[in-house]
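Trainee: Residues per chain, in single letters:
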Amino acid sequence: MTRPSGERRPVDIVIASAGTGKTYRLVEEIRTAIASGADPGSILATTFTNKAAAELVERARTRLIGQGLADRAAGLLSARIGTVNSVFGGLVGDFALNAGRSPVTDVIPDERRQRVFAVAAEAAIGRRAAEMIPIAQRLDIDDWAKGVRELADLVRGNDIEPSRLEAHADRSWRGCRALFPPLSRETADALDAGLRAALVHAREALKRSADATRSTAQVRERIEAAAAVIESGRDLPWSQWAALTKLKPAKQSIGVVQPVVEAAGEHAAHPGLRADLEAYIHGIYGAAADALTLYAEFKDVHGLVDFTDQEQRALELLDDPGVRERLRETLARVFVDEFQDTSPIQLALFLKVSQIAESSFWVGDPKQAIFGFRGTDPELIDQAARTIVPESGGRPDTLTTSYRARPKLVEFTNRAFGPAFEALDFEPAGIRIRECDRAEGPIEPVEVWGIGGRTVADAMAALAEKIRETLDDAAHPVDDADLNTPRAIRGSDIAVLCRTNAHCEDVADALAASGVRVAIARPGLLETPEAVLAMAALRYLVDPGDTLAVAEIAHLHDDSVDQPSWFERSLSEDGIRSLAAELPVLAALDALRADLAELTPREAFDTAITASGILDRIGAWDNAADRLGNLDALRAFAAQYEDEARTVRSAATAAGLAAWLGDPARTDTDLPPTPDPDAVNVVSYHRAKGLEWPMVVLADLDHAPKPSAFGFNVESEGDFDVWRPLKDRWVRFWPWPYGRQQTGVRIDASVLETGEHREAVRREHAEAVRLLYVGMTRARDYLVLAPRRKGGDGGLKLSWLERLVDKDREPILKFSLRESDLAVAAGGQAVPVRFSEVAPVDRELEAREPATAWRAPESIEKPEHPPYRIAPSALEPSASDAAAVVSRIELGARIPITGSPDMTAVGEAVHAFLAYDRPGQDRDQRGARAAETLARWSAGGLRPAHLVEMSDRFFGHIDRAFPGMTVRAEVPVFGRRDGQRLTGRIDLLLTNGARAVVIDHKSYPGPYDTWEAKASSHGAQLALYASVVRGAAGPAEVETWVHMPVVGQLIQVRAAVEGWS
Amino acid sequence: MKIVFGWRLDGPTYPETPDGSEFSIDAAVVGPRGLLDLLESRLGVNGPGAHPARRIAQYLARLRAIDDGARFYSGSFAADAWATARLLLSWRDDLAAAGWTAGSRSWTSGRLAALARAETLHEPPLAPGLPDRARSILSRVSEANPIEQLTLADDRERLPWVWRRLIDTLADAGARVVRAAPEGARAPGDLAAVQALISGGEPGPLTGDATFAVLRYDNALAAAEVAAEWLAASPEANSDVAIIRQGNGTILDAACRRLGLPKPGGSERSPYRGALQALPLAFETAWRPLDAQRVLELLVMPGAPIPYRVGRCFADVLRGFPGTGGAEWRAAWDRAVDRLRGDLIEEGLDRAQVDGRIRKSVTEWREWLEPERFGRDSGITAKAADKICRKVQSWAMKRAAASGDEIYMPTASAASDLAAAIADSGIDPVSKPLLDRMIDAVVAEGVERPTEVAGAAPWTTVDEAAQIWGRAPAILWWGFAAAESNAASDPWSRAELRELAASGAALRSRDDATALRLDAERGAFLNAGRRMLLIMPAASRTESGATHPVWHELKNLDGLGRTVIEGRALGRGPRRALGACAWETRRTEHRPLPPPIRDWTVPETLIGPRATDSATSLQTLLGCPMRWVLQYQAGLRGTGLLDMAEGNRLKGVVAHEVLARFLAGARPDDAAGVPGVVEPLLDAVAPEIGSPLLLPGRRLDWEDVRRNTIASAVALSATLDRCGLEVMATERDLECSLDGRTDLKGKVDVELTDGEGRPSVVDLKWSDRDRYRREEIAEGRPVQLAAYGRLLKGDGDGGLPPAAYFMIKQRRLLAVDSDPFPAESRIEGANLDDVWQAVVAVRKRTLADMAAGRVVAAGVRTGDSESQDAAPDAAVPIVIEPPCRFCEFGRLCGQKALS
Ligand code: SF4
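From first to last, the protein sequence lines stand for chains E and U.
Residues in the first sequence are numbered consecutively from 1, following our numbering.
Residues in the second sequence are numbered consecutively from 1, following our numbering.
Keep in mind the hints are simulated off the structure, nothing from the lab.
Here a beta-carbon is modelled for each residue, glycine too, at the ideal position from N, C-alpha and C.
Take the hints with a grain of salt, since some may be wrong.
Unchecked claim - These stretches of chain U come out as covered by chain E in the derived footprint (C-beta under 8 Å, 3 or more residues):
| # | stretch |
| --- | --- |
| 1 | 401-408 |
| 2 | 449-462 |
| 3 | 511-522 |
| 4 | 587-596 |
| 5 | 641-648 |
| 6 | 778-791 |
| 7 | 806-813 |
Stated by the list, open to error - The calculated SDA-like cross-link candidates involving lysine to any residue, where the alpha carbons are at most 25 Å apart (straight line), are:
| # | chain 1 | residue 1 | chain 2 | residue 2 |
| --- | --- | --- | --- | --- |
| 8 | U | K2 | E | D987 |
| 9 | E | K797 | E | H503 |
| 10 | E | K797 | E | S708 |
| 11 | E | K727 | E | H282 |
| 12 | U | K555 | E | E692 |
| 13 | U | K387 | E | S650 |
| 14 | E | K862 | U | E589 |
| 15 | E | K207 | U | E779 |
| 16 | U | K896 | U | C884 |
Build the full structure now, drawing on both the sequences and the hints.
Mentor: Here's what the structure looks like:
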């Protein structure tokens, strides 16, 4: 312990097993805190996803408002609630000045991080390239720089000092070296030469040999390839050495090949391999240490941070006394959701803030920690949870009522997992659920489907068929979670869980083949016709020379019965571009091209989509709703493209978007899952976390990943101190030197004896149990175990389930299958289950009516609507029939303008002065203001006295010519007619009851003979003003005048504008 | 003057005039900006505004002037002067709005003291911000108040101090100040209940009476159609409708257009409008090493600074050989000048005029294509940066004049604002990150689409709910979701706030700002007169998952579910009802997707032989006639505008060129000397045709090229020496007649001759594996080698000369014949003469088929095709696998399934 417990502030921890109302409790805690006086702005809460954060805020606010605390609820909108990164990233940003860092923390999005690291760290990596590339080649490692990146991530994620890496490298090498047999007594060169000689000899012998068997032919090819590598001066990778020990020629050639097998068999004792591994390990650690420094510098210079930085910097910041003091003013309560998925560095963060805030509340379930591969350490979390509460003086609590699953399901999980978690040493209080707030259903909720079929494909087909039956036979009523009433089961009520994404796709394919709709995110978005059409439209929009795009557009718009007509057209004299004249979509896109200069990439894409008629095509194809969803997903890409441009602060163009979408890196883009309520969900166990369905089907129950001690592993040494979770962590790295040769290479056997391997096995076992727990607890009404049968009709393949063992390593669930009867027992007691045999069947699919779209019919007439808004000052002179000049009044001589000043500035200054100045005011003050005005507008060429003179003669005339009228300057006006909006300002408006005069100042300096033409060109503008003055219940008689102060003219014009006069 | 003033009322509003009438004079609905503009121009004290980026630059200069290294901001300032200045300026502006007087006392807080010091400087200047303008107009207003009536749309108490002062001053000067309070609860049915809830009452349960309805969608395109259908369903009622179009309106526009309605319009402010990109691109192309992709982007952008016809010459070269200064690049210049010359002569200019215009254009183009370039680390000089700004500005002005497109004016001003900001900041040279930030600041606010998209319409549109400040009979809220919040937390500690308060400055809290926004948005609900329709994205559709804050309130309504319609349920039948509106839809007639076709037909004799074929086109013809037809006869081309050589192709281009130059020159006598010759070649070639490899982050790729090129030069050189082969020529263009009508043309990589003068040919290949090429020879189909052999043989007699591939990455020759190549390089299985005979025969047959009107897409397998399942034709002496994997026509022929 590092601190006396007296100083600690309490941390309450609640263990919430699956389905026990975790979020409800969290919301309730927040609500109570606020209702009892906590400032909502002083709340800090972290969740696993942005959506969870949004939901938390929504629910807490709804409840507070419901209690009449709307005012207090508003504060929650700006509280620190979000993912760990958004919350602590925000904190880092707020206190950037304290840390002497850039206040702009642009977060590097995960997709870009790799690239940024590569740029930043390339000196570190490049410097070692000459040395590392050949080693990596020999070790059959494709991307050694990736190793550097991986290691760097681990080092930062565990807050390890880069200077300690050298020691970690030594230690890794020592452990790794021990896996190998003693070194050969021969030198490396001698061993190489031996292999080379054996290869050449065998090659020549085989050339001459009469052995024409296939196996020998294969061996011969391998030998030739290996010899060619060596003869061209390259090194033979160790994986090839290993492979050569496994050559299996036909009997008659064994003698010829045996020397190769023997020479290659020396690989494990080869000094070269040892040297390679040692150099490789040190190279990776050395590069990582350098790269970390460079990466940090780079981000500083560019004002970038990544997720780990946010955490690391927050950690540093929380040690700063100034920051702590300020935070004590603004941080009252800390809430942590899903604490089991906390990484060590995040744990450290939570502990730090918990000691600043008055109190903390954490909720989660160590049994559901399944993100070990993301750097969380489930054991560490479980230990921490158990230590923190007593040491901080907090209260422990357990949620023990299930609101999700039916009672019998709860009982089944309790029995299956209780002893398993006990064996894993979990906190006993949090293992079992005691009560259940659901009613029992009409049938047994646990089912076992024994899936027959020899091949995977057969089995998947059988499973799919069974699901279809389940949907058809109405034997599984479910409780609607929203309405709490029973109803028939439908597709979206079912989820099939698989271990890998690839399996998910297999199941989805099988379901689709059975005619069942499936909701699954899977690659292929860009291969859908709607995406092809959308991208072709975008490409054609930006580049009319893209003839392939023309063909694709024409192809997907073709309704010919036979061969599409674009083909022949493409071979005509004028080529395929001549289609533009006929195909309306092409013409539409052509017409829009001129707009590209003003469109954003997103708008350009939307424009291309809508102009290309995709929506109409989609409506006519099958599965219109899904396709619309695909298109929406595609549109989201355009936004992502712009976001990326924003983070790297670079240009973004429509052509750039087209290229970005076409990037091969995006070929595997996922199709979004269909929103169809009849579609069955297929998801991986990991992704199922946090979700629930009425019926959950567990597939892949025979899945058993191989634990491996190779690769990178974070280990802890010494005693674990919960208040310093990052102490004494180190990264071990044993590279695998044999590529895809996984067995029969000596070290695959020797590693089994190591403690490291046993630790890997232990971790893997615990993870398997937790993942299974997560899977099983997703079910509300029915849980289906769907194991395959051995050999297609034999026993059930349940190796994963069998890993549920009690303290004595005895399997908890015992399955005995006799004939078509399955008995399941747990702890000697029978467990009621329903068993069905599921055998593959052949069934003809009935043709389904195509699901086209329902839409309002397109309007045949599409009138061109005039613009919504018009600004009179921006009107083109042509907007009216030429205005008539009615009369002209000479106000005085031309005011001389010296030099060639910016006439716009002069005009502005004159306007400004005439708006305010009146002849009656104090003359000196007027002069001063005139000077001020000219200076403010940087208007040269005029003297202040000139402005005064302009004003004097103009207003002098006004007084004489329009006596007694009210004078207003800069008068805002608005008018609406036939849906058009007019806004503007009248320079000068004179009114009395019967008459109005609209005057516009134009600082026009042109020659005598152009004055009237100039004045009449503003006729339309003035006519619009006049029409608004009349419209606003002003006098019917409105005169319009153009005042030219520079040349001393006042010219009356008259004009009319269509629709407005 | 009658004014309605609200915090968010700059921009469109509802009602549009203070009294809701169709016409108004001397009256306006305004926000802070609009109010200041009106007052200032009435009082004659308006002036040219300063772009926010300039103010940041000016404040930056002030902060630097007082930075002694120990200021509270010194560390951050050193790390990122721009962002620090921007942040502190925002603090300073907030203080100004709170009535802070910097010089009123000496400040205990180090932060306040520093800001006060910056505030009291006279130089460098700082242009006034909104609060400064508001403060400085106070005295003028009390002298001459032009406002008779001021209606407040917000709670005065929530406004920052300086605005409260302005309101008070106006009141003291005679303006009648009233509050426009939404009355609420005058609406019928469910809407009344909603209003009761929002105004703090106790509403009864909702009944689903259609006065209030929510459409929750998971597909924006579908939702836009429904919204448009709703508007089209009862056109006579639309003059009562206020549309709030939050977020992207393009798709709503399209949906309305489809139904013949006017477009509601509205465009977001965005820094990514087409023409605006010239500014960042001009800078992005001014760094060394060159980012060729950006040059390409500049060349193909709409309204590009180099006319498209000419720009294409450069763009085409950049795609294949990304870089500048190489032979290809020089040829592009020649072509470009020729094109221009041709155009000018056609215009009828005389020689002197033509030459003059060409000189001028060439100088201009050079500025864009080959400006002075600066290292990314060292930064660009302020002078060069200024020059770039001017260049962009003058281009934009010219475009504005020539095209009349309004977008070019904001582009020109962005360029001049940037120039001004750089000058104001006094920084020289400007590092790339800093420059990027400045560009960002200049364009960050973005530009709206300048052309009015919206059509004259009976309804009124606003951009956000807070702009509805008075009674609106019907409201359609498109995009009812949480607006992005940028709630920065309050920077001041309690002690600092105390100190500020003691000095009379009253800072508004963050909660006030939140409440102000929230109240305005709730106001939209309270102002709804008869009906209200919310169109909201399902939480799963938004990135943050956040719903609108008012939704959190509504969730307390009993029976809310009765008013919510899920989008996907709505799309499923002929009749749709939404709110009080119902209408019919029709089921779209089904049309199947185009099926795959293997046997295509054309009129006889439409397709004949080409005038020339190449090794590649022959390979294509044999592999898949359809691909050959589409590519060479129909000329279909899908190379994107920005598709530049990348990956292995790029590496191959560079390695190829280097090896060709190496072999063409004098080779050192022993292997140890080879790297010394090859390395300088690599360094010379890369910037010319492989510049992407030199960019930051590409070092490993570059290493890959270097290593392999050097090693292969060593290996190849040794092999040639060992075999007594001499290089006669590299990359030589050769040509011979294929048959009477077609010539075979091609560039032969390496031509060799042995001691006795017998020729042979080597083709260089960059590839990760050599397996494909080995199999090709072993299985008797090295079409390209045969073609090269044929080209080299020319019109001479006898058999084809020997040919081999040299695999660069594998440093290995793959030869069809061993002589003159080393024995171990021979792959058994082919005889070049036979291969060539076969090629000629198959070509002839295929052409005959085509002449008869049949074109086969060889990779397509369909159930009912005649040709595909026929047993392999013994008469076909060479079978080439259809190259579908590399073919871009798969979606046309149907080889890539569409579903
Ligand atoms: S995809 Fe295959 S079949 Fe279709 S054109 Fe290309 S090469 Fe021929």
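Trainee: Now look at each hint and say whether the structure bears it out.
Mentor: Each hint, compared with the structure:
1. 401-408: Check passed, 5 qualifying residues.
2. 449-462: holds (count 10)
3. 511-522: holds (count 4)
4. 587-596: Three-residue rule met by the stretch 587-596 of chain U, so holds; n is 8.
5. 641-648: n = 3 at 8 Å, threshold three: holds.
6. 778-791: Our answer is that it is violated, as 0 residues pass the Cβ test (under 8 Å) against chain E, missing three.
7. 806-813: holds (count 3)
8. K2/U with D987/E: Cα-Cα ~17 Å, so holds.
9. K797/E with H503/E: holds, 16 Å
10. K797/E with S708/E: Between K797/E and S708/E the Cα gap is close to 23 Å, so the pair holds against 25 Å.
11. K727/E with H282/E: Status holds; Cα separation ~23 Å.
12. K555/U with E692/E: Given pair K555/U, E692/E holds - Cα atoms ~23 Å apart, limit 25 Å.
13. K387/U with S650/E: Holds, at roughly 20 Å.
14. K862/E with E589/U: Satisfied, since the Cα-Cα distance of roughly 22 Å is no more than 25 Å.
15. K207/E with E779/U: holds, 18 Å
16. K896/U with C884/U: holds, 9 Å
Hint compliance for this structure: hint 6 is the single one not met.
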